[in-house]
Amino acid sequence: MPIGENSSQFSAEEYFATQPPPASLEHDVSGVRDFVARQKVAGRKVALVTSGGTTVPLELNVVRFLDNFSAGTRGATSAEYFLNAGYAVIFMHRQFSLQPFSRHYSHSTNPFLDLLNVNASGDISVGTDQRSDLAEVLASYQTARDSGSLHTLTFVTVNDYLWLMRAVSKELAELRSRALYYLAAAVSDFFLPRQRLSEHKIQSGKGSLLIEMDQVPKILKPMVDEWAQDGFVVSFKLETDDTLLIPKAQAALERYGHQIVIGNDLHRRKYEVVFVSRDPTKAESVTSSWLRIDPKAMNARGKPKEIEEDIVAELNARHDTWIASRKQ
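Number 33 in the numbering used here belongs to position 33 of the sequence shown; there are no gaps in the numbering.
Any given hint could be a false lead.
As the list claims (entries may be wrong) - Taking lysine to any residue and the SDA-like style, the derived pairs with C-alpha atoms no more than 20 Å apart in a straight line are: (1) 248 x 289; (2) 303 x 170; (3) 270 x 132; (4) 270 x 299; (5) 270 x 230; (6) 170 x 221; (7) 327 x 230.
It is worth saying that the hints were derived from the structure and are not from the lab.
Please take these sequences and the hints and turn them into a complete structure.
Shown next as structure tokens:
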């Protein structure tokens, strides 16, 4: 059994030298390149939003895999608010996870078919009590579609994600400081190199299964230093122990050298986050600021408020400051 042998820790360079790219990479990169070129001409800021969890296959012919907890709610919601703020958005998401606009009518909450009525003639209509809400979402979607300001990419495995991140970051580097990287995907911490994967389904007849996995390389450092120079990079830190939240966010900021870490507690992530960033007035100093909303708060349209609205507003302001600083 190849699983469990020769465990090692990969650097980013070693990973990309030994693990094969996804078959669709060249096609995906071509689409991103064209999208970035159009946004550069239009003068738009561009946000890369990553969303959803990654899988780790246990076999080459995949039957079993490990998955990360994420429905993609934060990424899909944030993408809408970035679009509303005037950004063009590259939405890089886990296949079948939530997406901007359609997230309002997922299969489990507010199912789309429940909004529709059909009469004896076969004519379909939207229920009267749902029309205004649907019209608002549809109008926003059509604006994004018709303006060409939303481009989507999908991944499934952590290998898909890593290759896409490197390639897309390099294409976005064309925009320098006008590119914002919003890394909300839940990326696996461990993986099985292709060379150690079983070709066929792992058989259960031998009883227990022992799997030793390698650590996924930390790509944020080469991303900041090499792939996305001058970009405004925002990462997330999720913890279940709130006493670790700010210290670990500070450690990530110092280790990778990017602009902001947004820390969130698993159980309060919908109502409060903490921004951890460098203090621009003090060299080598890190500052933290909390953003909180009332769980019962309503937005200007009378709908339950989403914290992502305020997260994106804050990031938009900070990104503008970043752009201005890079011009000096």
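Status of each hint after checking the structure:
no. : hint      : in the structure
1   : 248 x 289 : holds (15 Å)
2   : 303 x 170 : violated (38 Å)
3   : 270 x 132 : violated (25 Å)
4   : 270 x 299 : holds (15 Å)
5   : 270 x 230 : violated (30 Å)
6   : 170 x 221 : holds (14 Å)
7   : 327 x 230 : holds (11 Å)
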